[in-house]
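For the record, the sequence lines run as chains A and B.
The numbering used here applies: residue 1 is where the first sequence begins, and numbers increase by one.
The numbering used here applies: residue 1 is where the second sequence begins, and numbers increase by one.
If you are wondering where the hints come from, they were derived from the structure by calculation, not from laboratory data.
A couple of the hints might just be wrong.
[What the hints assert, rightly or not] The calculated lysine-lysine pairs, modelled on DSS-like cross-linking and capped at a C-alpha distance of 27 Å, are:
id, chain 1, residue 1, chain 2, residue 2
1, A, K70, B, K71
2, A, K69, B, K44
3, B, K27, B, K62
4, A, K26, B, K27
5, B, K51, B, K27
6, B, K71, B, K51
7, B, K44, B, K71
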Amino acid sequence: SQQGEEDPQALSIQEGENATMNCSYKTSINNLQWYRQNSGRGLVHLILIRSNEREKHSGRLRVTLDTSKKSSSLLITASRAADTASYFCAPQNTGFQKLVFGTGTRLLVSP
Amino acid sequence: NAGVMQNPRHLVRRRGQEARLRCSPMKGHSHVYWYRQLPEEGLKFMVYLQKENIIDESGMPKERFSAEFPKEGPSILRIQQVVRGDSAAYFCASSDGQGRETQYFGPGTRLLVL
Numbered sequence: 001s002q003q004g005e006e007d008p009q010a011l012s013i014q015e016g017e018n019a020t021m022n023c024s025y026k027t028s029i030n031n032l033q034w035y036r037q038n039s040g041r042g043l044v045h046l047i048l049i050r051s052n053e054r055e056k057h058s059g060r061l062r063v064t065l066d067t068s069k070k071s072s073s074l075l076i077t078a079s080r081a082a083d084t085a086s087y088f089c090a091p092q093n094t095g096f097q098k099l100v101f102g103t104g105t106r107l108l109v110s111p
Numbered sequence: 001n002a003g004v005m006q007n008p009r010h011l012v013r014r015r016g017q018e019a020r021l022r023c024s025p026m027k028g029h030s031h032v033y034w035y036r037q038l039p040e041e042g043l044k045f046m047v048y049l050q051k052e053n054i055i056d057e058s059g060m061p062k063e064r065f066s067a068e069f070p071k072e073g074p075s076i077l078r079i080q081q082v083v084r085g086d087s088a089a090y091f092c093a094s095s096d097g098q099g100r101e102t103q104y105f106g107p108g109t110r111l112l113v114l
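Can you make the complete structure from the sequences, with help from the hints?
Shown next, in the form of structure tokens:
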């Protein structure tokens, strides 16, 4: 397994704006997952995108994957204060392996 | 379908005592992972277990830490002779091992060593 590196480390926006965070990794993958962690809570799984997919949507979330650049992005549209959290990506090169997390992107959405 | 359960949610121990953290995976899940999170850091993998087997313990400290996932009952992470540096949030995750790789996380146990 391998570690994803999220960028930026911190992001501050106003409610209603879009938030984009990026993830880079180093070797080939089977899938890449995005998780959210609210302060003091456990991680919540947001979305999984497989290596043969380029884009995936879930509600206000849009994830893209570019395997040639070894990067992924998470877009949150029309952000809300409740989206304030840390966001982590976790690339996997085979299933059922441990997830290796970076330090995440800390998103602050102000009302 | 209940999610991943962890207990206790908060645990206070004095240096030298033992800490036992429990994790009940989601119903039907046979894969359990333990992670540790220090303040202001990301989660660090500790150990991966299937029923009665340790699959990957590459993240476990060599001493004082052990984990099990018996045929019946929850997974247990055991820390003997705790030290202040063990203070952290410990998260358990589970997956179903049926080709779906998503790991579902519990709420965590916050261990404070005095």
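The hints, checked one at a time:
no.: 1; hint: K70(A) to K71(B); verdict: 40 Å, violated
no.: 2; hint: K69(A) to K44(B); verdict: 26 Å, holds
no.: 3; hint: K27(B) to K62(B); verdict: 31 Å, violated
no.: 4; hint: K26(A) to K27(B); verdict: 34 Å, violated
no.: 5; hint: K51(B) to K27(B); verdict: 13 Å, holds
no.: 6; hint: K71(B) to K51(B); verdict: 6 Å, holds
no.: 7; hint: K44(B) to K71(B); verdict: 26 Å, holds
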